[in-house]
Amino acid sequence: MNKENLIQYIYSIADNSLILGQRMSELCGHGPSLETDIACTNMALDLLGQTRSYYQYVATLLGEGKTEDDVAYLRTEREYKNVLLVEQPNTHFGYVIARQFFYDTFHLLLLEKLQFSTDETLAAIAKKGIKEVSYHKRFSSDWIKRLGDGTAESHQKIQEAITDLWAYTGELFDMLPEDQEAVEAGIGVDVTTLKEKYQEQIKNVLDEATLSVPELQWFQRGGKQGIHSEHMGFLLADLQYMQRTYPNMKW
Amino acid sequence: MIDHTLITILEKVSDPEIPVLSIMDMGVVRSAQWKENKVEVSITPTYSGCPAMDVLAEDIKAAFNEKGIISEVKLVLAPAWTTDWITARGRKALEDYGIAAPLDAEADKEALLGNKKIIKCPQCGSTETKMISQFGSTACKALFQCETCQEPFDYFKCLK
Numbered sequence: 001m002n003k004e005n006l007i008q009y010i011y012s013i014a015d016n017s018l019i020l021g022q023r024m025s026e027l028c029g030h031g032p033s034l035e036t037d038i039a040c041t042n043m044a045l046d047l048l049g050q051t052r053s054y055y056q057y058v059a060t061l062l063g064e065g066k067t068e069d070d071v072a073y074l075r076t077e078r079e080y081k082n083v084l085l086v087e088q089p090n091t092h093f094g095y096v097i098a099r100q101f102f103y104d105t106f107h108l109l110l111l112e113k114l115q116f117s118t119d120e121t122l123a124a125i126a127k128k129g130i131k132e133v134s135y136h137k138r139f140s141s142d143w144i145k146r147l148g149d150g151t152a153e154s155h156q157k158i159q160e161a162i163t164d165l166w167a168y169t170g171e172l173f174d175m176l177p178e179d180q181e182a183v184e185a186g187i188g189v190d191v192t193t194l195k196e197k198y199q200e201q202i203k204n205v206l207d208e209a210t211l212s213v214p215e216l217q218w219f220q221r222g223g224k225q226g227i228h229s230e231h232m233g234f235l236l237a238d239l240q241y242m243q244r245t246y247p248n249m250k251w
Numbered sequence: 001m002i003d004h005t006l007i008t009i010l011e012k013v014s015d016p017e018i019p020v021l022s023i024m025d026m027g028v029v030r031s032a033q034w035k036e037n038k039v040e041v042s043i044t045p046t047y048s049g050c051p052a053m054d055v056l057a058e059d060i061k062a063a064f065n066e067k068g069i070i071s072e073v074k075l076v077l078a079p080a081w082t083t084d085w086i087t088a089r090g091r092k093a094l095e096d097y098g099i100a101a102p103l104d105a106e107a108d109k110e111a112l113l114g115n116k117k118i119i120k121c122p123q124c125g126s127t128e129t130k131m132i133s134q135f136g137s138t139a140c141k142a143l144f145q146c147e148t149c150q151e152p153f154d155y156f157k158c159l160k
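Chains as they are written, first to last, in the working numbering: chain V, 1 to 251; chain L, 1 to 160.
Calculated directly from the structure, the hints in this document are not laboratory data.
Mixed in with the good hints there might be a few duds.
[Unchecked claim] Lysine-lysine pairs mimicking DSS-like chemistry, simulated, CA-CA at most 25 Å apart:
no.: 1; chain 1: V; residue 1: K127; chain 2: L; residue 2: K160
no.: 2; chain 1: V; residue 1: K250; chain 2: L; residue 2: K74
no.: 3; chain 1: L; residue 1: K116; chain 2: L; residue 2: K92
Isolated chain V, as found in the complex:
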């Protein structure tokens, strides 16, 4: 597959890790308890580490002296290919956990397939990521159960988050032309094949948590095409501020 499309394909995976990692890092010093604070920022660090591996690879494909920092800090909102789910704000702890749970479940299924990619770099990043994301999934699933099967208030709040964010899960299984091309080249993952397993795993955890699976069949989409929700601009302003204000500044 051509280089430009391969880069776009990598963005569609890597940008999810960057943006979700950025959201989780917002909890640094603001988590509801010391343990959850440390856990969320640990996950942010894992996601950021995975992002760096992907972006370093993109930088080598781009050539011309480009680095991972150019890729992370100097793209415009429309050039980010993350799904809408991961950019949704932290609102309250229920939203943090629901968003994480919806993404972790998908993320692990994706990496389990991506580890067999014919692209050696992507396969290596996926293999490494599986070990980390398994922990994330265990953490978020556990919290879904604790909150769902906890007090009346925690049940109501986590159900609210699950119901709200459910509308963003459909997009995870959309295929763009470059995704299709990546699949045909043996590089990418056909995400449509993950859907059934995903819904089954989500249902199992929600059932155990005494929560109901939303019935909504209409889904928000657009992030994969670079059309983001109103939250994305603020998130990027936070993320990119330093490089935009002081171009080429170094730490």
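Got chain V sorted already, so can you dock chain L onto it with the hints?
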């Protein structure tokens, strides 16, 4: 392959977050070879986001530099690091430092899911311990507390 003449220099470099553990005992050095007049070292991260890796690369270069050797450090991702690569000496160093060494994968799962009390307190040796958090002070550790001596301690999670 690690050139045996380079081992003594590499053993002097330790993980900045666990200073008692040399990078050789940690199992993160994947190869170290002479290439013409310089040394090429490949290291692999324990976790993707491990912030110690950049420091490690600098420390390795500095250790060689001290001996008048120019070195280059490369990061490799495959095969992915596993806790099995921590040497017996490394495990002992962890325990002496107050960090419980990783169990095998099956036992690790039982312990982290809270099904069995098998993690030994590095302070008093009791297995009456409970997990406080799956994520500890760094990505590679979980936080435990001993119910016998009440001391909190880190457990190095098994990574396969």
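To see whether the hints hold, each was checked on the structure:
Note on K127/V and K160/L: the hinted pairing holds, with a Cα-Cα distance of about 10 Å set against a maximum of 25 Å. Restraint check for K250/V and K74/L: satisfied, since their Cα atoms lie roughly 22 Å apart, inside the 25 Å limit. Annotation: proposed proximity of K116/L to K92/L holds, straight-line Cα distance about 23 Å (limit 25 Å).
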